[in-house]
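Start from the sequences and build out the full structure, keeping to the hints where you can.
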Amino acid sequence: MNTLASLNRRLTVLADLVARHPELPAPNVEICSVITDRITLAFHESPGAFRQWLTALGIALHTVEGGAGATTAWLTALYEVDGITLKLTSYTRLDVAETDGAV
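Residue 8 in my numbering is what sits at position 26 of the sequence shown, and the numbering runs on without skipping anything.
Worth flagging that the hints you see were computed from the coordinates, not collected in a lab.
Note that beta-carbon positions come from the ideal geometry of N, C-alpha and C, so glycine has one too.
Watch out, some of these pointers could steer you wrong.
List of simulated lysine to aspartate or glutamate pairs, EDC-like, C-alpha gap at most 16 Å [unchecked claim]:
1) K69 / E5
2) K69 / E47
3) K69 / E12
Distance ranges between label pairs, derived from CB positions [stated by the list, open to error]:
4) T(-15) / W56: 31 to 41 Å
5) T(-15) / A42: 29 to 39 Å
6) T(-15) / T53: 33 to 43 Å
7) A(-13) / V11: 15 to 25 Å
8) L(-14) / L76: 34 to 44 Å
9) H44 / P7: 18 to 28 Å
10) A55 / M(-17): 31 to 41 Å
Here it is, written out as structure tokens:
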């Protein structure tokens, strides 16, 4: 079982990002007690905020991966800081055309 002390490295990385980039838009932040070497940063309906983070961290666009489901598209980038992986994901709702059931 992990303790609060197991969060130290990740909280330090997060605090350092805040200190170096206070102007960046705030994402949804998840620090999981199971995956102890990752911080998940999610951007919902904010592709511009996701792009700002990529630029600030120097993440190359060609490394971003994406996908889409029936109602949502996403882009994901991984970036390592001091042995901690940042997983940045941008989620965007897709406009779903309503149909009357005609084929």
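Now for the hints, and whether the structure bears them out:
1. A distance of roughly 19 Å separates the Cα atoms of K69 and E5; the hinted pair therefore is violated under the 16 Å criterion.
2. Restraint check for K69 and E47: satisfied, since their Cα atoms lie roughly 11 Å apart, inside the 16 Å limit.
3. Between K69 and E12 the CA atoms are separated by roughly 10 Å; this keeps the pair inside 16 Å, and the hint holds.
4. In this structure the hint that T(-15) and W56 lie 31 to 41 Å apart at CB holds, the actual value being about 32 Å.
5. Between T(-15) and A42 the beta carbons are some 36 Å apart, a value that agrees with the proposed interval 29 to 39 Å.
6. T(-15) and T53 have their C-beta atoms about 39 Å apart, which keeps the hinted 33 to 43 Å range intact.
7. Hint check: A(-13) to V11, Cβ distance near 19 Å, so the stated range 15 to 25 Å holds.
8. Checked against the hint of 34 to 44 Å, the C-beta distance between L(-14) and L76 comes to roughly 39 Å, which is consistent with it.
9. At about 23 Å, the CB distance of H44 to P7 agrees with the hint of 18 to 28 Å.
10. Evaluation of the 31 to 41 Å hint for A55 and M(-17) yields a pass: the beta carbon distance comes to about 37 Å.
The structure is inconsistent with hint 1 alone, although it conforms to all the rest.
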